[in-house]
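We have chain A; now place chains B, C and D onto it with these hints.
4 protein chains.
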Amino acid sequence: MEMLKVGLVGGGGSDSFFGRVHQRAACLDGTRQVTAGALRSRPDAALEAAKAWGIRGFPDYRALVDAVAKGDPALDYVVIATPNNAHFEPARACLDAGIPVLCEKPMTFTVDEAETLVERVKAGDVPFVLAHTYTGHPMMMLARELVRRGAVGEIRKIEAWYRQGWLATALERGNQKQAAWRTDPARTGISNCGGDIGTHAFVAATWVSGLAVKRVSARLNAFVTGRELDDDFNVMAEMDNGATALIHATQIALGYRNDHGFRIFGTRASLEWHQEAAEKLLVRRGVHDETYWLGANYEYFPESVASYLRVPAGHNEDFFEALANLHTTMERLVRKRRGEDVPPPYDHPGVEEGLAGMRFVRAAVTSARQEGAWTDL
Amino acid sequence: MEMLKVGLVGGGGSDSFFGRVHQRAACLDGTRQVTAGALRSRPDAALEAAKAWGIRGFPDYRALVDAVAKGDPALDYVVIATPNNAHFEPARACLDAGIPVLCEKPMTFTVDEAETLVERVKAGDVPFVLAHTYTGHPMMMLARELVRRGAVGEIRKIEAWYRQGWLATALERGNQKQAAWRTDPARTGISNCGGDIGTHAFVAATWVSGLAVKRVSARLNAFVTGRELDDDFNVMAEMDNGATALIHATQIALGYRNDHGFRIFGTRASLEWHQEAAEKLLVRRGVHDETYWLGANYEYFPESVASYLRVPAGHNEDFFEALANLHTTMERLVRKRRGEDVPPPYDHPGVEEGLAGMRFVRAAVTSARQEGAWTDL
Amino acid sequence: MEMLKVGLVGGGGSDSFFGRVHQRAACLDGTRQVTAGALRSRPDAALEAAKAWGIRGFPDYRALVDAVAKGDPALDYVVIATPNNAHFEPARACLDAGIPVLCEKPMTFTVDEAETLVERVKAGDVPFVLAHTYTGHPMMMLARELVRRGAVGEIRKIEAWYRQGWLATALERGNQKQAAWRTDPARTGISNCGGDIGTHAFVAATWVSGLAVKRVSARLNAFVTGRELDDDFNVMAEMDNGATALIHATQIALGYRNDHGFRIFGTRASLEWHQEAAEKLLVRRGVHDETYWLGANYEYFPESVASYLRVPAGHNEDFFEALANLHTTMERLVRKRRGEDVPPPYDHPGVEEGLAGMRFVRAAVTSARQEGAWTDL
Amino acid sequence: MEMLKVGLVGGGGSDSFFGRVHQRAACLDGTRQVTAGALRSRPDAALEAAKAWGIRGFPDYRALVDAVAKGDPALDYVVIATPNNAHFEPARACLDAGIPVLCEKPMTFTVDEAETLVERVKAGDVPFVLAHTYTGHPMMMLARELVRRGAVGEIRKIEAWYRQGWLATALERGNQKQAAWRTDPARTGISNCGGDIGTHAFVAATWVSGLAVKRVSARLNAFVTGRELDDDFNVMAEMDNGATALIHATQIALGYRNDHGFRIFGTRASLEWHQEAAEKLLVRRGVHDETYWLGANYEYFPESVASYLRVPAGHNEDFFEALANLHTTMERLVRKRRGEDVPPPYDHPGVEEGLAGMRFVRAAVTSARQEGAWTDL
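Protein chains in written order, with the working numbering: chain A, 92 to 468; chain B, 92 to 468; chain C, 92 to 468; chain D, 92 to 468.
Next up, chain A with everything else stripped away, as it sits in the complex (with noise of 0.2 Å):
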């Protein structure tokens, strides 16, 4: 099977992470290699960046589309993993030139260049991941199913959750880099803390429940002083089907990592995940608790999810692998576009929930600026 050949635009810089982390997703299974990228935004440093990487480097994301275009690299697909404000112009720029896209979340910095997005892929028919990265993680991808399946019965109530501390203080007025592109509103849009996080708790609300936001009440909060954006957020939520959701997100919560989950509460039971031990999921359907475990050897897991496994319970597959999934269906995307046998892609999330998401973010920003008065989304 030959490799895929993946391009990378942004994620280059020194004070980046998250480009280290996607290279490593997509080298995880030893059948995709980054081989190209546009790293940073100024040209110098990108060329010089992608020379440090090992990489063929461009200067900017509109030479690497159109040498891709010409098949000079001949690239199965591009991540983005430049800041909010820079997703938009590289990703319309592949899918026009029909290359597949893995986009960090939130999608755009603004609802309509989401629904061009939208328009776009729907026209041309390419593939079009979201890295919303929990949902890569298999435990997250079997709650869906259970609900699916109707395990869970009628959904009535859904809690999903973020709470972080690294902002609790200024960090953005000393050197580091990240406090100060998510806390700025030129690079990050109307909102910090609901955009970055409040997204990862409104996609595990809506992506494993089935279920949409149809209206929201919400308060943010901009804690730490000087600080223009919401450090802290939160969302009272209606669901189309009439459940309630509790989304909230928090930057300030000072000593949390990164301590993401959801509860969904059934007609026939209740399902609760925590990310920082992401390995299992636990299952509440009255006579006594049940606990699943992630492990490729475990026959509750239906063939959609057991076919992203890569090893028996009891060694836990996590950050990395769960992104690497993401990575697995856009590879398995590609390769059936190309004819070859793969095995179905699952239907993480996409264009659509980037959509749903940016405009999640803007309807709890206009109710907070109207002290919580409910907005459709």
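Hints in this document: simulated from the structure, not taken from any laboratory. Remember, it's a predicted structure, so these values are computed and weren't measured experimentally. Be careful, since some hints might not be right.
Where chains are identical, the list cannot tell them apart; a pair therefore holds if satisfied intra-copy or between any two copies.
SDA-like, lysine to any residue: derived pairs with alpha carbons at most 20 Å apart [to be verified]:
#, residue 1, residue 2
1, Lys96, Val433
2, Lys96, Gly189
3, Lys427, Tyr389
4, Lys305, Ala464
5, Lys96, Ala143
6, Lys142, Arg426
7, Lys305, Ala160
8, Lys427, Gly121
9, Lys96, Arg426
10, Lys427, Gly189
11, Lys213, Lys427
12, Lys96, Thr126
13, Lys427, Glu139
14, Lys142, Ala261
15, Lys268, Asn388
16, Lys161, Glu236
17, Lys371, Thr382
18, Lys268, Val315
19, Lys213, Thr201
Okay, now just chains B, C and D, sitting in the frame of chain A:
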């Protein structure tokens, strides 16, 4: 040291379980005993129940209070464990007769009643303790002391919750009397879930933090068909220092038992506590996580809390011991009034907290009826 | 129902804590009370302590037993909470006088004494319960019932342990009286760690599994300089069905509290229980893990265990309630003899288990002195 | 930085899973790739497998080593992932040819072979890393560094264990090839459970503590009927400083996955680690418990460990990343020899630890055959 004599109003029904729980909590330390009671609403049943318990029986609370007022029996305090709508009258009668009261929560049926009790307690200077059982747990007391001593810094955000699953189906239509009175507006008041367990979350959010709720935006649900009152209760609250609190409770979380707890995020530390693993308190300051354990041998308990501990660490004190601690507080209040030499009673929730809880529930119900409009307490 | 009257031998010293623990366990249910005692070894101190406790005092156990034999006071049973070397005499005296005994563990000072008690109990048909507190925990009882009903299959291997850290330093050289008598061969016997907590591990391995230890190979250590007796106790055991058991205990595990528990591996299921999280029992059958929770509302408790439960799930019953359950068993034995209608007493450890424990410790000490040579019980 | 080229001997069978695991671990960081292999024992199968993998194939290890010795392909190191009985020959051949070796454990089939490898490595000064995967986990490395820096004090006792349930039934009689070769003395050697997973427990007990096992007393069981080799392995060990270690492993613990871990009790602190929750290390010093978390942002990692971390805390690195760390160590050894500027390679287990492990298993088997007689290594 002479045993204290305790009276009990309510709690003697065959389906009731809290009467026996209070009896056990009263007895536990060997310094208090339940000796008299008006245990049920029907006079003959009340007398019969007392006989079965082996204590002196009274047909109703009035007869009991009258007798105590005349000095026979000489009760040191009275526990009120009736349904919500029957707290006020006996409580007022006791206070008017100068009898100390340990009253179940929520304190009263209406805010007006609660205000009356506040007046009476102030006027008569009679001890009054509100039976928010969980506040008797030493780790919850320790959390409060950590806040008081500044270890948590300025509080920015609070989460307080209570998840149960026992009302996920329409139990009240069967033969379950607990479910029947709790879902009946005539006996429970304007809120079922909020009044019963939302108040526990409220007390965690306020009593531990030392902050008051200023205003709320609420969403209440009655998920089970035919239910008039809420079985799901969600509040976004603004605290008096500007902090945000998520205070939520539910009774439809299938398979959840008494998943009560809180997180408090301050500028110096975060605290996290779970009632179902009540022996530990998680303290996060940023370097590594610290787990504080319950245990008489640990020097991190201030004397005010340490005087409530019964055994060295590793042998958990739990539900009965927590409630017994509220009896201990009442015992100390009573003995102190008599001039006995006792350790200082801890400032457990009393009549003011009870009033605040009633106002909180009322404001939440009002807000929920107006689509979550922010409502002052 | 008339209250049972309980006598207490020992446990009244200012440094003792187990006397008060038994008092609380006796009192908890409101059906038993401690009314008389010979609380300390020095007659005057014994009388003084009784006065302070507010109970009828006796200068020594003989005086107490003589008085009870004459019917005043009319005690229903006697609790023996003296140091190990002072269990036998009062126990024998009570049995000879026909007084039921609830005796602390290890049962006696020597195997000979234990054999004598077995004879007396058999001869006199007097109730005798051994106070292995943890066996009173309903989840430990449930584990035993699961084994009995065949849910675990044939048992192949057992792990039972008890880790403490309180003797990691030479506490006995300071003013710590608990440490002083426990490390003193004259008062403790041939083994400190083994006798004190190794016996708990032994009971877990045998009483829950229904298997007997046939022979042992042991290694004992006295890590703290100057200590004559073991503070670390390790046994490899062969069970009567051919299973292997690792039974180990230590007092030098710095920072460990009362980390007691067991794992039982059978051909149908594995069981795992931890005393410090005593409210749950982990059951593994291979498909997914199941957690069974303590709680009066769970139908998986057989009636023999369910009759010991006090509250619905989610409100833990713990140390005091577990010990209270042993008092409940004694109470049922006593009331049954009187012809009262009570639920069947559970077969908690008694004189036979006490003898087995003494033989186990003796065999372990013998083996350890011979470089771990396999030694029959 | 040029990619390292890696060769693979074994691991290419359809039932094998460790070949692919090594491939992934090699690939993960994007600085190494598997380019050649002698993947199976039958020459034609070996060539076919290599074709399927898309790497250069060799009929057997000899052909591969000969080719590398001639410089084509130019491999930087070779991974040996054959069954136990086929480690030695290819390892020796590589060493003789000056090719660095990353070898699966247990290192060899016999102690003699292990001694030979030690000589060759010493003589040739060729890098040799033993693939004890778990030692690649940063928290296990951190534990070792805490011991080294004296934070644990003098070590008194160690527990190290590995519990699995996959061989609780006679899988080897079915079509399970992993089970077949592991339970076959001809391919596995004198011990199944001890050699396969007992050695992991041995390495945890010795490599982390810095102590050597002096002598052992062992009890081995073959619980499943018809099994010649142990499926349960229990060792009491005396360490060279006088400490006692319990080292035990089992494959019949129904429902257990890879429950590997250790506890180390010292005079200053206790350490506890569980492979299935590998991201945390529990440190107990007596005041309260401390949990150390995996994460590149935590300053408590000494540089020697920190240089192996890939992401900030809260995104777990697990099984693949741990094994990748052993490849990283090999990569650093290789690059350092070439004069490249790399961080210091960590002293992960090598040929000496491999020999010690072989001697440990031999001594345990010898002891078990003599009723647990103490046997020197």
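Copy assignment of lysine 427 with glycine 189, given that the CA separation must stay at most 20 Å: For lysine 427 and glycine 189, only the intra-copy Cα distance (15 Å) is at most 20 Å; the inter-copy one is 44 Å.
Within, between, both or neither, where lysine 305 and alanine 160 count as close if Cα-Cα is 20 Å or less: Classified as neither; 40 Å inside a copy, 60 Å across copies.
Within, between, both or neither: lysine 427, glycine 121 at alpha-carbon 20 Å: Classified as within; 18 Å inside a copy, 25 Å across copies.
Homo-oligomer pair classification [lysine 427, lysine 213; C-alpha up to 20 Å]: within (18 Å within a copy, 52 Å between copies)
Alpha-carbon proximity context of lysine 142 and alanine 261, limit 20 Å: neither (34 Å within a copy, 55 Å between copies)
Intra- versus inter-copy proximity for alanine 143 and lysine 96 (alpha-carbon distance at most 20 Å): So lysine 96 and alanine 143 pass the 20 Å test inside a copy (18 Å) and across (18 Å) alike.
Alpha-carbon proximity context of lysine 268 and valine 315, limit 20 Å: within (17 Å within a copy, 50 Å between copies)
Alpha-carbon proximity context of lysine 96 and arginine 426, limit 20 Å: The answer is within: 12 Å in one copy meets 20 Å, while 26 Å across copies does not.
Within, between, both or neither: lysine 96, glycine 189 at alpha-carbon 20 Å: within (15 Å within a copy, 34 Å between copies)
Lysine 96 and valine 433: within-copy, between-copy, both or neither at 20 Å Cα: within (17 Å within a copy, 28 Å between copies)
Copy assignment of lysine 427 with tyrosine 389, given that the CA separation must stay at most 20 Å: neither (27 Å within a copy, 43 Å between copies)
Alpha-carbon proximity context of lysine 427 and glutamate 139, limit 20 Å: neither (35 Å within a copy, 24 Å between copies)
When each numbered hint is compared with the structure, violations occur for hints 3, 7, 13, 14 and 16.
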